[in-house]
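Please model the complete structure; the sequences and the hints are all you need to start from.
If you're matching them up, the sequences are chains A and B in order. Each residue of the first sequence is one higher than the one before, counting from -5 in the working numbering. Each residue of the second sequence is one higher than the one before, counting from 132 in the working numbering.
There could be a bad hint or two in this list.
[Said to hold, decoys possible] EDC-like mimics (lysine to aspartate or glutamate), calculated; alpha carbons at most 16 Å apart, straight line:
hint, chain 1, residue 1, chain 2, residue 2
1, A, 83, B, 201
2, B, 150, A, 114
3, A, 55, B, 179
4, A, 55, B, 177
5, A, 83, B, 220
6, A, 83, A, 40
7, A, 83, B, 189
8, B, 150, A, 113
9, A, 55, B, 286
10, A, 83, B, 289
11, B, 150, A, 117
[What the hints assert, rightly or not] Some but not every residue of chain A turned toward chain B, in silico, with C-beta under 7 Å:
hint, residue
12, 13
13, 16
14, 20
15, 25
16, 28
17, 45
18, 46
19, 50
20, 53
21, 54
22, 115
23, 118
24, 136
25, 137
26, 138
27, 166
[Stated by the list, open to error] Not close to chain B: a few residues of chain A, all C-beta gaps over 12 Å, as computed:
hint, residue
28, -2
29, 1
30, 2
31, 3
32, 175
Keep in mind the hints are simulated off the structure, nothing from the lab. For each residue, glycine too, the CB sits at the ideal point set by N, CA and C.
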Amino acid sequence: MDGESSTQELLAAAVCGSQDAWDLLVDRYGRLVWSIARSFRLSDADAADVCQTTWLRLVEKLSTITDPDRLAGWLATTARREAIRVLHKQDREAPVLDGADEVDEDERHDPEAQAIVQDEYRELWNAFAALSDRCRALLRVLAVYPMDSYAQVSQALGMAIGSIGPTRARCLDRLRAQLAAS
Amino acid sequence: MERNRSVGENVEDARLLAKLGVMFDHVDPVPDAVTAGARAAFAWRDFDAAVARLIESESLADAGVRANGEHRLLTFEAPGLTVAVEATEIHGARRLVGQMVPAGPDHVSLEIAHRADESVQAPVDHLGRFTLSSVPAGLVRLRCSLPDGTRVVTEWVDT
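Written as structure tokens, this is what we have:
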């Protein structure tokens, strides 16, 4: 069993108690879960909690996940729900991903936007940080975990399936425009 | 059909997304502690236990009791068991007062997600009532055994 093993093999081995298989699942899907948590305005600690809860829920559900193709969508949906729950608890608003693409003034307070960025990536990072919540959420997830279909992306981000293609194209165009302007 | 095209089909778009992916890995990678927590979560597996789902969570924080701290009612349900828990937070300390219906388990364990090697136990009386004091913040769950031997764990909740 290694990084080349299929998700189905890893799920089956994990259900039989293999920590190694579980660790490989964490390696494979950890970036996706983190990217979802990061697309909400959560503190580092809250984003970490969202991930922890998501993985604990997967442990609970592991033996019932029979279709490996749905694992990415399940993890993303679970992480998203947890993030929204944390936001509700904080009496703050979740980004409305089906809303307008305007850049929010609160962007500056976003912990994601405050990361210390190495020079090599600063230009791209600044251009990305200048995008709307909706664009950032979509591009981040697509960038770290290429999904097979818009149906998966739709499920993961709670976006209408018909709007993903146009939104993706528009967000990438805006990113290019930001890069060109900088 | 346009909407069924594989994501990343446009070469230029795919290239830009790949650049973003590399950037995220450098600028905002998954923290080691998050990966360690995800791996450690596996220690909590108990595939044979029935999971009592949280079916209701009612916050009473706005019902005039804010002076006493946050106050929540949580209801969990598994086949054959309902657990109702009242969680109260006073000065940062949490207390859980609960009841199992039907009564039967003689004790309940509190499991704390970030402390994999210990659990706190409390007796359950003949009416199914129990009290757990000094519950830490963060994710916890309750565990008990029904008289027929079925193990039941609740969902993880942050009380």
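Item checked: Hints violated by the structure (numbers, ascending) -> none
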